[in-house]
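One letter stands for each residue in the lines below.
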Amino acid sequence: MGRTLYDKLWDSHVVHVEDDGTALLYIDRHLVHEVTSPQAYEGLKLAGRKPWRADSIVATADHNTPTTGWERGLAGIEDPIARLQVETLTSNISEHGAKAYFPFLDRRQGIVHVIGPEQGATLPGMTVVCGDSHTSTHGAFGCLAHGIGTSEVEHVLATQCLVQRKMKNLRITVEGALGRGVSAKDVALAVIGRIGTAGGTGCAVEFAGSAVRSLTMEGRMTLCNMAIEAGARAGMVGVDDTTIQYLKGRPFSPAGSEWDQAVATWRMFQSDADAKFDAEVRLDAREIAPQVTWGTSPEMVVSVATAVPDPDREKDPVRREGMERALAYMGLKPKTPIQEIRIDKVFIGSCTNSRIEDLRAAAAVVKGRRIASSVKLAMVVPGSGLVKAQAEKEGLDKVFRDSGFEWREPGCSMCLAMNADRLEPGERCASTSNRNFEGRQGAGGRTHLVSPAMAAAAAIAGHFVDVRDVR
Amino acid sequence: MEKFTVLNGLVAPLDRANVDTDAIIPKQFLKSIKRTGYGENCFDAWRYLDVGEPGMDNAKRPLNPDFALNQPRYRGAEILLARKNFGCGSSREHAPWALRQYGFKCVIAPSYGDIFYNNSFKNGLLPVVLTESQVDQLFYDCALPGFRLVVDLDRQTVATPEGATSYRFEVDPSRRHSLLNGLDEIGLTLRHADRIREFEARRKAQLPWLFR
Ligand code: SF4
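Residue numbers (this note's numbering), protein chains in the order written: chain R, 1 to 471; chain A, 1 to 212.
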């Protein structure tokens, strides 16, 4: 019988299986960042252990780093607790080693899920883990990639393995051509709107269908990135020419005769035609409109052409109460047309939407226009130093600046607001990030998740607009 | 790893679905490089009326009287009763640390975020899965002041102390074994060090570019 992509990835990494079916899975790539690693390194040291394979580690500082004031060096991290965390990563890496470390201020530094693929450190057929739930992003390359907790970070450091149980296979197929102005982000949000934030729990999700195939690697990363918001630890897309083209010539990609050998093995990392999935979901790409979240969970999402839903029409009492609580937090009334919702801030960035293609899409919308006077702050935070450099080469920084956007240094920034970039209580933000949880972008802040083009259009109008209407 | 065998504990209800790990422990407390000190900031944004920052004297902060866990009747609760998809979102292990350091040893919910579920076992926090209707019933029973439950991991049951209600729950045998005995998982894995080395050597011969 045929195997799924996930089956193949699983089978090729099993080191040992226990009687009860739990397996030891070998880990090829371990991505490390400053927030979820210090306690793991400390645990390692306390137990008198050493990393099993330091050359599997690629590390960077991204969550806590500031997006301004880099000229001040480390002192630019004003919060002493955050600075200590960034310094602790540096000392842990220098003590224990790594294949590569892109520290704060390095020109290749950036969000861990942007720099891994960008460096060619994420390759098809790999298992990729990181103490970060959005590790699912890397599945876009035909990898088994998922987030782990700090105890597991320590476990991988010490043993190069994880204790795992096999997940279920879920295939989400999106067929047809996406409409103009509809992006991978909208597909991701539409999927979550359909299956819910727990819809993928316990599953490894494969995204398939002509709409997914037609996405660039950037788009596929956006889609896999959001798999975790549908409850699935891992999202993935099978390897094809798009994958291989993207990887060619990257710093850590194989080269020379090894390249051909690698490509030949990579091709097998797609599901067999007769593979069986435990569950299937199908979406018609033509029916997907630009999406806007209205609540405090990514499943609280609607098309930009509609309105905030009415809890009175929800029959399930737990859900209804959840909706009412979300509306109260978001300061929204039921049935308000989405396009009448005014915003205070705009954030274009995060591991979901901070790659060059995202910045191009946003720049195309704002070019030659000014942000609305009611918008207090609109910022673009590139996903990495290299994305930033590329954008500057293309003159996108100028487009954004001329429109009134701030052009920042790379990092996670206002995606989770661990650094100085955050919403004030009650402020409403059009954000290209992935989580609209209460307080995610700052205590009391209100987040609406959208695509880069939609965020850009909202910045210009001062409220949400349907980017399909913007010429 | 910390052990879990039988717990007879006071139950506190948190009646909302999709409680994410950002809510369990907000990001500003993740800057610490320690494993401890998170309990006081567990559910920080819901628990206090002001905005919490690291280093504050939490004893002096105004408590939110509307937040269930702040009611005196739930003081000392060791079992948290929750709704579906508890612990969704971020992979931060600070979430089970915070719950554990708050005093919870067990969470009961219909479903969990996968990573949170995993992380909990590694910290002596048992995440019990019951059906939606069983959880509904427990929320109802929990209205009774002083409502307690006995969670027995060995027998895989959640029961009222006098045994009138008893539900069975499922848990992986290996997780159960590790938690019952407080085993060090890394030590367990390292028993297979030779196999890992063999696997690695084979992989390196076949796919050398993965080891460059
Ligand atoms: S950008 Fe946001 S979601 Fe992505 S890794 Fe950083 S904090 Fe996490």
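Calculated from the structure, these hints are not laboratory results. Any given hint could be a false lead.
Here are some chain R residues the structure puts well away from chain A; computed CB gaps all over 12 Å [claimed, not checked]:
1. V86
2. R233
3. E299
4. K335
Chain A is faced by these chain R residues, among others (derived, beta-carbon under 10 Å) [unchecked claim]:
5. D132
6. S151
7. A279
8. T336
Predicted, not measured: the structure shown is a model, and the values here were computed from it. Every residue, glycine too, gets a C-beta built ideally from N, C-alpha and C.
Hint validity - R/A279 Cβ closer than 10 Å to any chain A Cβ: 15 Å, violated
R/R233 non-interfacial with respect to chain A [C-beta, more than 12 Å]: 5 Å, violated
Agreement of hint R/D132 with chain A interface, Cβ distance less than 10 Å: Holds. Min distance 6 Å.
Hint validity - R/S151 Cβ closer than 10 Å to any chain A Cβ: Constraint on R/S151 satisfied, holds at 4 Å.
Given as non-interface: R/E299, which should sit over 12 Å from chain A by C-beta: 8 Å, violated
When the least beta-carbon distance from R/T336 to chain A is tested against 10 Å, hint result: 22 Å, violated
Non-interface claim for R/V86 versus chain A (Cβ beyond 12 Å): Given that some Cβ of chain A is not farther than 12 Å from that of R/V86, nearest at about 10 Å, it is violated.
Distal placement of R/K335 relative to chain A, Cβ over 12 Å: 23 Å, holds
In terms of the numbered hints stated before, the structure departs from hints 1, 2, 3, 7, 8, listed from lowest to highest.
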